[in-house]
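Number of protein chains: 2
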Amino acid sequence: MMPVIQMPKGFLATGVNSGVRRYRPDLGIIKSEFPCVAAGCFTKNTFKAAPVLYNMDLLPSKSIRAIVVNSGHANAATGEQGMIDNLELATQTANTLGVEQNEVLVASTGVVGEKLPMMKLVPALPQATRAFGDTINNFALAIMTTDLVPKFCSETFEVGGKTVTLTACAKGSGMIHPNMATMLGFVVTDAQISTELLQSTLRSVTDESFNMISVDGETSTNDMVLALANGASGASIVEGESLKTFTKALKTVCESLAISIARDGEGATKLITVHVHGSADLELARESARMITISPLIKSAIHGEDPNWGRILVRLGQTGVPAELFTKLKISLQGICVFENGAPQPFDRAAARQALQGDHATIKVFLGGGPFEATAWGCDLTKRYVEINTEYS
Amino acid sequence: MMPVIQMPKGFLATGVNSGVRRYRPDLGIIKSEFPCVAAGCFTKNTFKAAPVLYNMDLLPSKSIRAIVVNSGHANAATGEQGMIDNLELATQTANTLGVEQNEVLVASTGVVGEKLPMMKLVPALPQATRAFGDTINNFALAIMTTDLVPKFCSETFEVGGKTVTLTACAKGSGMIHPNMATMLGFVVTDAQISTELLQSTLRSVTDESFNMISVDGETSTNDMVLALANGASGASIVEGESLKTFTKALKTVCESLAISIARDGEGATKLITVHVHGSADLELARESARMITISPLIKSAIHGEDPNWGRILVRLGQTGVPAELFTKLKISLQGICVFENGAPQPFDRAAARQALQGDHATIKVFLGGGPFEATAWGCDLTKRYVEINTEYS
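These protein sequence lines map, in sequence, to chains A and U.
Anchor point for the first sequence: position 308 equals 307 in numbering that gives the first Met the number 0, and the numbering is continuous, going up by one each time.
Anchor point for the second sequence: position 197 equals 196 in numbering that gives the first Met the number 0, and the numbering is continuous, going up by one each time.
Don't read these hints as lab results, they were simulated from the structure.
Just to be clear, a hint being listed does not mean it is correct.
The list makes no distinction among identical chains, and a pair is therefore deemed to hold if it is satisfied within one copy or across any two copies.
[Stated by the list, open to error] Derived DSS-like pairs: lysine-lysine, alpha-carbon spacing no greater than 25 Å straight-line: (1) 114 to 329; (2) 114 to 327; (3) 329 to 43; (4) 43 to 327; (5) 119 to 247; (6) 363 to 247; (7) 114 to 363; (8) 161 to 61; (9) 161 to 250; (10) 161 to 247.
Predicted model, so just to flag it, every value in this text is computed and none were measured.
Construct all of the structure, not just a fragment, from the sequences and the given hints.
What follows is the structure, encoded as C-alpha cells:
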C-alpha cells in the first residue's frame with residue numbers, strides 16, 4: 000500500500016484527471032495558506048520550456064502561493080504560443096484559488112513540441128480545487144509520466160522547540176541527466192527562512208542529489224526543483240545550527256527522491272550507485288561518477304551481472320582521469336576489489352556474478368588520493384528501455 | 000561474395016588463426032617491401048592501451064615496414080606487463096619478417112584488462128608470414144571483434160601520369176565514439192609523401208570521418224588510425240593539386256569505412272546520418288551532429304520509425320545551441336520538414352513513419368545561418384545492443 004505523506008502546516012495538495020490521461024491524475028496543485036519564500040533550480044538546456052522561463056522570471060520570490068503541474072505535455076519547443084498558454088494556465092489557476100497570477104508557479108512534463116491541452120486543463124481547475132487535501136499523494140500521482148511509482152517523502156526536525164516538516168515529491172524516469180532531467184522536484188516546508196538561504200541551500204543540495212542521477216544522459220528542457228517555505232511552523236532557519244539541521248533534512252529528502260528516480264529509470268531492473276572517493280578534484284570525482292552511470296556498456300554489463308570492470312577503467316580514461324593515477328586507482332564491484340596497483344586483481348568470477356544479482360549494484364572507485372568524493376546514481380540498460388522509447392510520441 | 004581488394008604496390012597482407020578465436024583469423028600483418036613514411040591518430044582516452052603508447056612513441060617515422068594486429072585482447076589496463084608483451088610481439092614480428100623492431104607498429108582490440116595471449120600469438124607468426132598475399136581480405140577479417148562484416152575499400156588516382164593506390168581497412172562495432180572507438184583504421188598507399196603532409200592530411204580527414212561516428216558514446220583506450228606510404232608508385236604528393244587529389248581519395252576511403260562502422264554498430268538495423276548546416280561555428284556544428292547520434296532517445300525513436308523530432312530539439316539545447324537561434328532552426332527527417340520558424344510544422348505522421356522504414360535515416364538541422372557544416376554517422380539503439388553487451392567478457 001502507498002504510504003500517506005502529510006503536507007507541512009499551511010499546505011494542501013491535489014491531483015485530478017483532466018482528461019489528458021485515460022484514468023490517472025494528470026493535473027496537480029500545491030497551495031499554501033500563507034505567502035511563501037520560494038527558490039528554484041532549473042535546467043541548463045538552452046531551449047528551456049515555457050514554464051521554466053516563466054518561473055525563472057518570478058523567482059526568487061517571497062509571495063508564492065501555489066504550484067500547478069500538468070503531465071502529458073511538456074510545453075517545450077512550443078514557441079510564443081507556449082508562453083501564452085503557460086501564462087493562461089497560471090492566471091486561471093490563480094483565479095480559481097483567489098490569488099494573483101504572479102503568485103503561481105508552473106511545471107509541465109510529457110511530450111515535447113505539442114501545445115498544452117488548455118481545453119482540458121482549464122475546465123479541470125475547479126475540480127482540482129475541490130479535491131485539496133493534507134497529503135501529497137494525489138499530487139505525486141498527477142505529475143508522473145513513464146514513472147512506475149510515485150516518489151515522495153517527508154522529514155521532520157525540531158528548531159527551538161518547534162517542529163518543522165519538509166515534504167517533497169518528484170517525478171522522472173526517462174530523459175534523466177539533470178543539469179539543473181525531465182525531472183521535476185518539489186519541496187515544501189513550514190520553516191521560516193530567507194529567500195537567499197533557501198536558494199543557496201537548494202542549489203548546493205540539488206548539486207549533490209538530483210544533479211547526480213542519470214537514466215540516459217539526456218538533459219530535458221523542463222527540469223526544475225522548486226522549494227516553498229511558508230513559515231507556518233514558526234521555526235526560524237538562520238545561519239548556524241538551525242541551517243545545518245535544515246540542510247541535512249533537505250539533503251535527506253532530495254537524495255531519497257533522486258535515488259527513487261534512478262531506481263525507477265525507464266526499463267531499469269537495478270539501481271547502480273557509484274561512489275568515487277580519494278580525489279584531488281571535486282569536479283573530477285563528480286564527473287567520473289556521472290560518466291560511469293551514463294555508460295551504456297557498463298549499464299549493460301551490470302544488467303548482465305557481468306563483472307566487466309575493464310569498461311569502468313575505459314570510462315575513467317574517457318572522463319580524463321590523469322594517466323599517472325593509473326597505478327594508484329582502485330576499483331571494486333559489490334565490495335570485491337577487481338583492480339589495484341595498476342593491475343587486474345584476481346577474483347572469483349562466479350562469486351562476483353552472484354554478488355551482482357539483486358536489485359542494487361555498487362561500484363567504488365578510489366581516484367589515487369585526495370579529500371574529495373562524490374556519489375552518483377543510475378540504473379541498468381535493458382531491452383525494456385529500448386521498447387519504451389521506440390514508441391513514445 | 001566478399002569483393003577482393005588489392006594492396007598498393009609493394010604491400011602485402013595476411014590474416015591467420017592463432018587459436019585465440021575458434022575458427023576466424025585473429026592475427027593480421029601488413030608489410031611493405033620498402034620503408035614507409037607513417038602517420039597516426041590516437042585515442043584521447045587518458046588510459047591508452049600498450050600498443051597505442053608504443054606507436055605514439057615511434058611515430059611519425061620514415062622507416063616503418065609492418066603493422067601487426069591481434070583481435071580478442073585489447074592489451075589495455077595491463078600495466079607494465081602489457082608494455083613488455085607489446086614490445087615482445089613487435090620484436091618477434093620483426094624477427095620473423097627480417098626487419099627491425101622499431102620498424103613494426105602494433106594494434107590490439109578486444110577485451111580490456113586481460114594479458115596478451117603470447118603463447119598463441121608468437122608461434123602463429125611464421126604461419127602468418129607464409130600466408131602473405133596481395134589482397135587485404137584476410138587481414139580485414141583478422142582484426143574484427145563484434146563486427147558482422149569486414150570493412151575495406153580502395154581508391155586509385157593519377158598523379159603525373161602515375162597511378163596511386165590507397166587501400167584501407169577498419170574494424171569497429173561497439174565502444175565507438177572515436178576521439179581519435181575501439182576503432183582501428185589502417186590506410187596504406189604507394190604514394191610518395193612527406194611525414195608532415197601525411198600526418199596533417201590524416202589528422203584533418205580523421206576529424207571529418209572516423210571522429211564523426213558513434214555507436215554508443217564510449218571512447219576506447221585502443222583507437223588508432225595508421226597511414227603508411229611506401230612511395231612505390233613513384234608518384235609524388237606535394238602541396239598543391241596532387242595533395243588535393245590525395246586528400247580527396249583519403250577522405251573517400253576514410254568516410255566509406257567510417258560509415259561502414261556506424262552501419263555495423265552493435266545490434267544496429269539502421270544507419271543514421273545527421274547533417275548540420277548553416278552554423279556560425281564549426282565546433283558547434285560538429286558537436287550538435289555528434290550529440291544527436293549518441294542520444295539513446297533519438298536512436299530508439301529512429302529504431303521505432305517514430306518521427307519524434309522533439310527529442311532532436313531537446314538534444315540541440317543540451318549541446319548548447321544558443322536559445323536565440325530557436326526561431327531560426329529548421330529540422331527535417333528524411334527530407335520532411337518538422338520544425339521551422341520556432342514552431343512545429345504540420346506533417347503527415349503516417350507518411351513520415353513510412354519514410355523512416357528502410358535501413359537509413361537522415362536528420363538535417365539548419366542552425367540559423369552561417370558558413371559551417373558537419374556530418375556525423377550513428378545507428379539505431381536496439382534490444383540486440385543490450386543483448387550483446389550484457390554478456391561480453
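How the hints compare with the structure:
1. 114 to 329: Between. Shortest inter-copy distance 19 Å satisfies the 25 Å Cα cut-off; intra-copy 50 Å does not.
2. 114 to 327: Result: close only across copies, 19 Å inter versus 53 Å intra.
3. 329 to 43: between (33 Å within a copy, 22 Å between copies)
4. 43 to 327: This pair counts as between: shortest inter-copy Cα distance 20 Å, intra-copy 35 Å.
5. 119 to 247: neither (40 Å within a copy, 58 Å between copies)
6. 363 to 247: within (24 Å within a copy, 48 Å between copies)
7. 114 to 363: Close across copies (24 Å), not inside one copy (44 Å); limit 25 Å.
8. 161 to 61: within (22 Å within a copy, 80 Å between copies)
9. 161 to 250: Answer is within: at 20 Å inside a copy they meet the 25 Å cutoff, but 72 Å across does not.
10. 161 to 247: within (17 Å within a copy, 76 Å between copies)
In this structure, the one hint that does not hold is number 5.
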